[in-house]
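Line order of the protein sequences matches chains A and B. Here the working numbering is used: the first residue of the first sequence is 1, the next is one more, and so on. Here the working numbering is used: the first residue of the second sequence is 331, the next is one more, and so on.
Simulated from the structure, these hints should not be mistaken for laboratory data. Glycine is no exception: its CB is placed at the ideal position from the N, C-alpha and C atoms. The reader is advised that the hints may include incorrect statements.
[Said to hold, decoys possible] Pair by pair, the computed Cβ-Cβ distance ranges are: (1) B:Gly336 - A:Val160: 36 to 46 Å; (2) B:Asp505 - A:Gln83: 52 to 62 Å; (3) A:Leu283 - B:Gly411: 42 to 52 Å; (4) B:Pro448 - A:Pro284: 16 to 26 Å; (5) B:Ala511 - A:Ala16: 37 to 47 Å.
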Amino acid sequence: MTSSSRARFLGIPAPALTAAGVAASMSLPWLADAYTVSLASYGLVAALVAVSAHLLTTTVAMPTLGQAAYFGVGAYTAAVLGQGVSSGLVQLIAAATAGAGAAAVIGSALVRTRGMVFLVLTIAVGEVARVAAEQAVPLTGGGNGLAAVPVSLPGGAELVHDGHVYLYILTCTLAITGGLHVLLRSRTGITWRAIADHEARMQANGFSVHTRLWTAYVTAGALAGAAGALLIAARRFVSPTDVAFSTSALALLAAIIGARSVTATVFAALLIVGVRDVAGAALPGTSPLLLGLVFVAAALARGGRGRRLAARVLRRPDYPPRSHPEGRQL
Amino acid sequence: MWNGVGDLIVAIDGVAYGLLLYTVAAGLSLCLGVAGVMQLSHGTAYLAGAYAAWALMHGTWVGLLTALAAAIVGGAAAGTGLALLLEAVPRHLDQALATIGVALVGAYVLTEVWGAEPLSVDPPAGLGGSVDIAGRPYPVYRMVFIVIGAGLAAGLWLVVHRTRAGAVMRAVAADPAMVAALGIPPRRMRAAVVAVATAAAAAAGVLGAPVVGPSPGIDHTVLLLSLVIVVAGGAGSTRGALVAAMVVGQIQTTAVAGWPTAAPYLPYAVLALALLGRFGINRRRSA
Chain A
1 MTSSSRARFL
11 GIPAPALTAA
21 GVAASMSLPW
31 LADAYTVSLA
41 SYGLVAALVA
51 VSAHLLTTTV
61 AMPTLGQAAY
71 FGVGAYTAAV
81 LGQGVSSGLV
91 QLIAAATAGA
101 GAAAVIGSAL
111 VRTRGMVFLV
121 LTIAVGEVAR
131 VAAEQAVPLT
141 GGGNGLAAVP
151 VSLPGGAELV
161 HDGHVYLYIL
171 TCTLAITGGL
181 HVLLRSRTGI
191 TWRAIADHEA
201 RMQANGFSVH
211 TRLWTAYVTA
221 GALAGAAGAL
231 LIAARRFVSP
241 TDVAFSTSAL
251 ALLAAIIGAR
261 SVTATVFAAL
271 LIVGVRDVAG
281 AALPGTSPLL
291 LGLVFVAAAL
301 ARGGRGRRLA
311 ARVLRRPDYP
321 PRSHPEGRQL
Chain B
331 MWNGVGDLIV
341 AIDGVAYGLL
351 LYTVAAGLSL
361 CLGVAGVMQL
371 SHGTAYLAGA
381 YAAWALMHGT
391 WVGLLTALAA
401 AIVGGAAAGT
411 GLALLLEAVP
421 RHLDQALATI
431 GVALVGAYVL
441 TEVWGAEPLS
451 VDPPAGLGGS
461 VDIAGRPYPV
471 YRMVFIVIGA
481 GLAAGLWLVV
491 HRTRAGAVMR
501 AVAADPAMVA
511 ALGIPPRRMR
521 AAVVAVATAA
531 AAAAGVLGAP
541 VVGPSPGIDH
551 TVLLLSLVIV
561 VAGGAGSTRG
571 ALVAAMVVGQ
581 IQTTAVAGWP
591 TAAPYLPYAV
601 LALALLGRFG
611 INRRRSA
């Protein structure tokens with residue numbers, strides 16, 4: 001590990017890279033066709049779900065396969081609310097609150113479990129959410145899904161154009177991930193990581209481990225809920241397919257590939273969605289196959305040589321790796 | 331509310347369904363609890379077995395035995411391959427990723443070969459009819475399946491608790507380092523457990539095909555129910571898996587008959603209650 005406090009990627013300081021990345025992504029609507037722009041919009045939505053999985057999987061070391069549930073809660077909240085209120089910001093806040101609320105209830109039980117039991121319970125939560133979305137026909141439209149109206153900006157302008165929608169989603173995603181970046185470096189974030197590393201010691205030091213983990217779970221629920229509102233802005237449609245296991249699995253995959261960096265998680269999600277949709281469109285029907293191969297390749301790469309390579313390319317992760325063997329690992 | 335013969339038939343159905351779930355979940359329980367590998371592609375083995383039954387059985391006994399042999403050999407081979415893959419990714423989280431990938435690829439291949447339509451499989455000749463239970467017809471095959479399933483459950487219990495291989499298996503679960511020190515490679519043990527479990531799931535697919543037929547998505551359903559059963563019964567405990575499978579089977583069939591909207595949620599309610607009970611006990615013990 002380098003002694004420099006600046007994160008670097010291929011030798012370039014991270015702030016410069018971030019600035020260049022933001023500028024490049026802001027200019028996408030002028031550079032790419034409408035299909036690519038709408039694909040990028042969806043990629044950002046998936047990236048935000050992945051970031052919520054990152055918070056649980058990496059920060060507090062509790063891997064999850066159920067973030068699609070809170071994504072769904074947020075999306076349906078925004079879509080139903082959109083029938084009366086078109087303000088994107090109101091929908092975003094309402095969806096995040098609904099996601100956090102659902103996570104608060106479910107999380108109070110789930111944070112008492114660890115490892116495999118926690119993982120299986122999150123799968124169960126995701127499945128229950130999907131079935132509920134299919135069955136609550138009056139509210140969710142069942143298998144037919146629920147269409148929504150275009151969201152509007154605070155000034156009242158409706159977001160109809162793909163480029164405008166993309167810029168709105170990009171701005172929201174940047175604001176939310178920026179907020180998380182700050183949160184992860186605050187006392188709260190440090191405590192979360194400390195619990196992941198030394199749960200028993202933190203407990204002995206007087207920290208209420210369950211409450212802290214619950215807070216992390218609720219925050220992750222809020223992030224996934226917010227992503228749900230952005231899905232409505234991007235696609236103006238939500239169906240039980242969006243709440244399916246594959247959404248959670250994709251988020252976990254991106255979170256794992258992204259390792260300890262929120263930025264890398266975002267890029268991993270964009271890359272996975274890109275591979276799935278672009279290559280899947282080139283060879284129709286093969287996207288599950290490609291996605292499956294990406295999963296296997298990612299696991300293999302992390303298992304051995306690929307991991308050392310990644311460590312060399314990413315000179316320094318966003319925060320130091322765990323050095324203590326007693327840290328929780330699934 | 332007891333409503334006589336109808337409830338009896340639902341209860342028998344529940345036993346058949348529970349035993350079917352058990353034959354799949356027992357293997358997964360051994361994978362998770364004994365071999366210590368995270369396996370999320372277990373449902374794919376069931377689906378492949380069910381497709382093998384559709385392709386080979388054609389309602390004949392020879393077909394059934396051929397399909398069963400193909401499923402066991404193919405399942406064991408696939409399981410060995412899977413075990414090799416899992417050796418390359420030692421951590422549970424990476425194993426979860428790898429097996430999700432295997433499940434996606436498997437589902438894609440099966441759908442490419444047999445199409446996206448649900449298929450129905452006829453039981454072998456002579457078992458296609460129905461018997462009278464207190465004046466109501468009941469499919470013979472399900473009765474036979476109960477016998478086979480009970481036999482499988484008893485056989486598995488004998489292997490795990492009364493044979494040397496079973497003793498080694500339990501020893502690996504308790505203390506892998508000690509077993510390795512005794513000269514038994516844990517790696518080979520893990521591979522054997524995954525191979526046997528996958529073969530068992532594929533065989534369950536063949537035998538279960540006339541009850542729960544092959545169709546895309548069944549792999550996911552079977553995996554979810556198996557995971558519920560494994561976690562509710564305690565990973566590595568075949569006895570716990572049997573109890574959990576019977577409870578889930580019974581509740582599922584009862585709910586489908588009487589309260590269909592609640593049916594998809596009930597296995598998870600069982601899981602929640604089982605965990606609540608277990609953690610409650612733990613808390614009392616540690617206090």
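Cross-check of the supplied hints:
1. B:Gly336 - A:Val160: 36 to 46 Å: About 57 Å separates the Cβ atoms of Gly336 of chain B and Val160 of chain A, which means 36 to 46 Å is violated.
2. B:Asp505 - A:Gln83: 52 to 62 Å: The hint (52 to 62 Å, Cβ to Cβ) holds, given that Asp505 of chain B and Gln83 of chain A are roughly 60 Å apart.
3. A:Leu283 - B:Gly411: 42 to 52 Å: Distance hint for Leu283 of chain A, Gly411 of chain B is violated at roughly 25 Å.
4. B:Pro448 - A:Pro284: 16 to 26 Å: Since Pro448 of chain B and Pro284 of chain A have Cβ atoms about 22 Å apart, the given range 16 to 26 Å holds.
5. B:Ala511 - A:Ala16: 37 to 47 Å: violated, 54 Å
Of the numbered hints listed earlier, those contradicted by the structure are 1, 3 and 5.
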